Amino acid sequence: GAVVSQHPSRVICKSGTSVKIECRSLDFQATTMFWYRQFPKQSLMLMATSNEGSKATYEQGVEKDKFLINHASLTLSTLTVTSAHPEDSSFYICSARPDSEYGYTFGSGTRLTVV
Amino acid sequence: DAKTTQPPSMDCAEGRAANLPCNHSTISGNEYVYWYRQIHSQGPQYIIHGLKNNETNEMASLIITEDRKSSTLILPHATLRDTAVYYCIVSAHSGGSNYKLTFGKGTLLTVNP
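Protein sequences appear in the order of chains A and B.
At position 22 of the first sequence the residue is numbered 22 (my numbering), and the sequence of numbers has no breaks.
Whatever position you read off the second sequence (first residue = 1), add 1000 for my numbering.
Note that these hints are calculated values from the structure, not bench results.
Heads up, a few of these hints could be off.
To give an idea of the chain A side of the interface with chain B (calculated C-beta under 8 Å), a few residues [as the list claims (entries may be wrong)]: (1) 46; (2) 97; (3) 103; (4) 104.
The model shown is predicted, which means the values in this text are computed figures rather than measured ones.
Backbone N, C-alpha and C define an ideal beta-carbon position, used for all residues, glycine too.
Working from the sequences, and respecting the hints, build out all of it.
The structure is reproduced here in structure tokens:
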């Protein structure tokens, strides 16, 4: 089946620094990828839709200048958390879907801790 | 997208069938029912989806009522590895276009030895 690789799996950064998270579709091309955030004991919340070759679409309440998304190729989308603060500490997950399948494949997630 | 209602938690004995219900009384005619699950600290995993007819794959069966207002996900022989949060999601999906997933709180299924 389809594979989505997410890197890093864990990252600890200092407050005020930026962190980049990569999401790759390994065996298919993805013109669209989705980024989610999940706080402890809560459900996944869609943050943004990443579109290859164009600007990302952000959900209401998500700051586009803080969460920079780049989808420069058909197999790679990156999420950069800029000027991270402790409240940005969360589990970030991406997903994508081959055109031939109905179900989305999710990455294994990135646990970000801002100290 | 239509809203779904699921019980917050369920228990099941290992080897027995796990039947997870979902209510989606406001579902529209073009909306599919999707089921995903999330094992602790991992990304969600697609299980199955359906529109009107019952569906079965290697992981589970999906039973959709005739009026489409509710559905049941069936894991025929639950194992300890099936312990996870199960999400029932309703979303429109047309052709090859992408669709959004709106995750609710899901059902925490605990499979006991």
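Status of each hint after checking the structure:
1. 46: OK, holds: residue 46/A within 8 Å of chain B, min 6 Å.
2. 97: OK, holds: residue 97/A within 8 Å of chain B, min 7 Å.
3. 103: 3 Å, holds
4. 104: 6 Å, holds
This entry satisfies every hint, going by the numbered hints stated previously.
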